[in-house]
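Chains as they are written, first to last, in this note's numbering: chain E, 1 to 100; chain R, 1 to 241; chain D, 1 to 539.
Do not rely on the hints blindly, as some may be mistaken.
Lysine-lysine pairs mimicking DSBU-like chemistry, simulated, CA-CA at most 35 Å apart [as the list claims (entries may be wrong)]:
1. K277/D - K341/D
2. K423/D - K341/D
3. K137/R - K160/R
4. K68/E - K137/R
5. K531/D - K68/E
6. K423/D - K531/D
Residues from chain E that keep clear of chain D, each with C-beta distances beyond 12 Å, as calculated [as the list claims (entries may be wrong)]:
7. V17
8. Y31
9. V70
10. I80
11. G83
12. P93
If you're looking for bench data, these hints aren't it; they were derived computationally from the structure. Source: prediction; values computed, not measured. All C-beta atoms in this analysis are idealised placements derived from N, C-alpha and C, irrespective of residue type, glycine included.
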Amino acid sequence: MSTAHIASVRLYVAVFVALLIFTGLTVLVAYFDLGVLNTPVALGVAVIKASLVVLFFMGVRHNTPLTKVVVVSGFLWLFILFGLTMGDYLTRPWLGVPGR
Amino acid sequence: MAEPTTTAHAMMPGHTAAHSGDHGHGHDPNLQHHFYSMEQQLEASTLGMWVFLVTEVMFFGGMFMAYLAYRTMYPEAWVAGSNHLNVPLGALNTGVLICSSLTMVLAVRAAQLGSRRGQIVNLILTIILGGVFLVVKYFEYKDKFVHHLVPGPHFDPALKQQHGQELFFSLYFMLTGVHAAHMVIGIGIMTVILIMAWRGRFGPGYYTPVEVSGLYWHFVDIVWIFLFPLLYLLGFHYGQH
Amino acid sequence: MSQQTSTISRSYLGPPYGLAAWLLTKDHKRIAMLYLISVTIFFAVGGLFASGIRVELLTPAGDVWTSDTYNKLFTLHGVVMIFFFLIPSIPAVLGNFMLPIMIGAKDLAFPRINLLSWYIYVAGAIITLAAVFSGGLDTGWTFYTPYSSISSETAVTTAAIGVFVTGFSSILTGLNFIVTVHRMRAPGMTWFRLPLFVWAQYATSLVMILGTPVIAITVLLVAAERALHLGIFDPRIGGDPVLFQHLFWFYSHPAVYIMILPGMGVMSELVAAVSRKQIFGYSFVAFSSLAIAVLGFLVWGHHLFVSSQSIYAGLVFSIITMLVAVPSAVKTFNWTATMFKGSVTWESPTWWVVGFMGLFTIGGLTGLFLAAMGMDIHLTDTYFVVAHFHYIMVGGAIMAYMGGLHFWWPKMTGKLYSEGGAKASAILVFSGFNLTFFPQFLLGYLGMPRRYHAYPEEWQVLNVLSTAGASILALGYLLPAFYFTYSLVKGANAPANPWGAKGLEWTVPSPPPTFNFDEDPVVNEPAYNYKPGREVHVG
């Protein structure tokens with residue numbers, strides 16, 4: 001399927017410039033203390049950059065629905081690992097037992 | 001490249017299994033025998049590489065899990081550790097990898113368009129940029145050794161007091177080290193692709209290896225896109241170290 | 001006779017001959033045979049370690065081995081059996097051989113990667129053997145930190161690297177199967193016409209892909225901690241050993257589904273064939289495979305109930321663990337329903353089927369006892385757990401593997417084996433198995449801890465029964481070595497379809513030609529399309 005889609009150099013360069021701008025943005029934002037928002041902003045920018053690479057540079061935009069499912073499930077599975085493990089760590093204090 | 005449709009081709013008489021040496025009925029010499037069309041081969045290869053990249057997501061994911069758990073446990077140690085990292089160098093490396101992703105995608109495009117020169121130039125640039133990344137990494141690592149920030153017997157005893165800083169650096173070295181190992185492998189793969197491109201192996205009818213290797217390269221870039229803010233940009237806003 | 005000779009010489013077993021032709025093959029069938037030889041060797045090695053364990057446990061005192069040696073025995077028994085036998089067995093032997101033929105393809109999607117997966121397996125095996133001979137491994141197959149990463153004086157780093165490398169064999173097999181099932185099915189072979197063996201292999205492959213990388217990085221972290229002092233789990237610098245357990249079991253629980261799902265796939269094939277009937281509730285069984293694969297990733301915390309894991313997390317894991325039993329139960333009910341009023345005859349595969357059904361049910365049921373946190377607190381780390389997982393792994397997975405080997409042996413080798421020998425083997429395995437492991441349920445309930453080489457006198461009778469059973473079990477596994485080998489040399493030639501079974505693999509000669517099909521198949525009937533009153537030709 002990606003055979004038929006040969007993107008223009010202009011599109012690739014535009015994505016490239018966007019990636020550089022977002023990189024600069026994330027460095028800039030790090031100079032400011034936004035408190036608890038610093039991490040979500042940094043991660044949010046990283047997700048946008050990664051999405052640009054996945055969709056445009058890796059061509060997933062044009063891939064089959066199956067490929068898109070594969071990409072999504074990879075990250076979904078990561079969230080299963082993160083979610084259930086942090087579910088342990090974050091609920092330990094609920095017991096009211098000293099120590100953890 | 002104009003292969004018949006899948007069903008018809010499969011039922012085509014004469015397309016038996018026992019034609020091993022005979023390419024007389026005009027299919028691409030790059031078509032492997034268990035596939036019936038170049039399109040199927042490209043689709044299967046792309047899917048295969050993506051399935052492999054999912055395993056890579058889970059592979060790095062284990063380390064990100066450790067990062068997440070320990071950052072939650074030792075937030076100040078994480079900030080303090082991050083303050084030791086060189087943000088301009090990290091940002092430079094991020095830019096270098098983004099550039100290399102651009103040259104990579106242009107190399108694939110050149111193969112799709114049949115431009116041998118375009119492939120060679122862009123592949124060489126990609127390899128060079130990858131090399132630049134590794135050189136910068138080398139200087140960063142050297143700096144850590146000098147400042148006693150490498151976990152183990154030589155870790156700065158004063159820092160050991162702050163519970164978690166040695167953990168931060170263990171994860172720093174594992175994350176960036178495994179990433180760097182992937183870069184080295186990537187450069188190796190690109191060198192092989194470059195040699196094949198030099199020999200004119202790729203064109204509009206067959207560029208699967210370039211595309212599939214490109215996917216790997218972009219993935220390694222994506223890992224760094226997450227590593228950079230998570231390792232370097234935590235403590236920056238707290239001031240210089 | 002000469003016709004059979006020419007069938008074999010026109011098959012994948014014929015030319016090209018020679019070591020190089022086999023070691024550099026791209027044919028999935030030859031690679032399956034390479035795996036068969038390798039996993040059989042490691043089954044024997046694992047069995048040897050088990051003998052060491054059972055001999056020690058004949059007497060209450062720890063008088064055969066030192067405790068250090070005993071620790072190495074049970075560790076290596078686990079490592080070898082899990083990583084070098086159970087995980088590869090059905091997928092790499094039966095899956096590799098049958099999957100492409102069952103879907104009407106000439107080979108897997110990536111034949112060279114298939115061969116690479118075997119070489120990676122061999123490399124991982126060599127590295128692990130190097131660990132065995134350079135200090136052994138005494139951490140338990142579970143590698144718990146900080147003992148494994150800091151204190152143990154055995155060859156942990158080497159073994160960790162061996163497991164790391166072997167994991168990639170699994171990953172590449174899973175990758176190959178997934179792409180093959182998606183992209184290489186013959187015309188007309190829709191998803192819901194696929195044999196259930198293929199559904200099971202596909203589900204297994206999903207687990208291999210999503211889980212194995214996590215154990216890969218985890219053992220790498222342990223090796224890095226030992227070799228490079230990059231302490232990730234070291235409590236002295238704030239590391240958390242429970243984090244290791246989360247990461248380890250995130251893979252190792254789904255790993256048990258990697259071990260049982262293919263066995264369930266074999267069961268579906270055998271049940272349909274010996275009953276000569278469409279599998280009852282085909283789509284339920286197919287979806288159950290997927291459900292097990294997915295739910296299997298959400299339950300790992302049941303290995304951490306007593307680890308200081310949060311009780312609330314334990315609650316969630318406990319409930320989901322009970323849920324994951326449901327699809328397995330659905331399958332068992334459906335196989336039973338298939339056999340009910342089917343034309344079941346007692347050829348050797350049927351014996352293995354029946355053995356599996358009973359033993360897997362007991363194993364699964366006892367898993368539910370362990371899933372209840374309250375029970376688990378008493379039963380964890382006792383022989384109850386050991387019995388539970390052996391009922392599933394041996395009573396379930398290995399019985400299914402043996403059943404599959406017997407069912408497809410004529411197809412793979414073109415030879416028929418001794419039915420009498422096979423039935424004897426099935427009886428010996430079934431009775432030996434129960435004698436070995438049922439007493440262990442009792443021992444565990446009475447409180448005998450696992451991984452101990454000495455125990456109080458009052459438990460000796462049960463332990464002696466267990467060891468006696470183990471020797472019968474060993475005999476049962478040894479027998480096939482003889483009659484299978486004999487069949488290769490002096491066995492009768494097998495027709496294309498000795499069992500009268502449905503499925504694309506039975507439409508090709510025994511053994512199949514190199515490219516499987518002389519003409520590309522087109523599928524236009526459902527799976528297991530048995531019609532009543534069909535004649536069966538056996539032998």
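Verification of the supplied hints:
Distance check on the hinted pair: K277/D and K341/D sit about 9 Å apart at the alpha-carbon level, within 35 Å; holds. For the hint linking K423/D to K341/D, the alpha-carbon distance of about 23 Å falls within 35 Å, and the restraint holds. Pair hint K137/R plus K160/R holds up; C-alpha atoms about 24 Å apart against a cutoff of 35 Å. A hinted pair counts as satisfied when its Cα atoms are at most 35 Å apart, and K68/E with K137/R qualifies at roughly 33 Å.
Taking the CA atoms of K531/D and K68/E, the gap is near 41 Å; set against the 35 Å cutoff, the hint is violated. Proximity of K423/D to K531/D is assessed by CA-CA distance (about 28 Å); at most 35 Å being required, the pair is judged to hold. The claim that V17/E lies off the interface holds: its Cβ sits roughly 34 Å from the closest Cβ of chain D, which is beyond the 12 Å cut-off. Even its closest Cβ contact with chain D, about 29 Å, leaves Y31/E beyond 12 Å, as expected for a residue assigned away from the interface.
Listed as a non-interface residue, V70/E fails to keep its Cβ farther than 12 Å from every Cβ of chain D; the least gap is roughly 9 Å. Annotated as non-interface, I80/E brings its C-beta within 12 Å of a C-beta of chain D; the closest such distance is 6 Å. The Cβ of G83/E does not lie farther than 12 Å from every Cβ of chain D; its closest approach is about 10 Å, which violates its non-interface assignment. Residue placement check: P93/E does not keep its beta carbon more than 12 Å from all beta carbons of chain D (closest about 9 Å).
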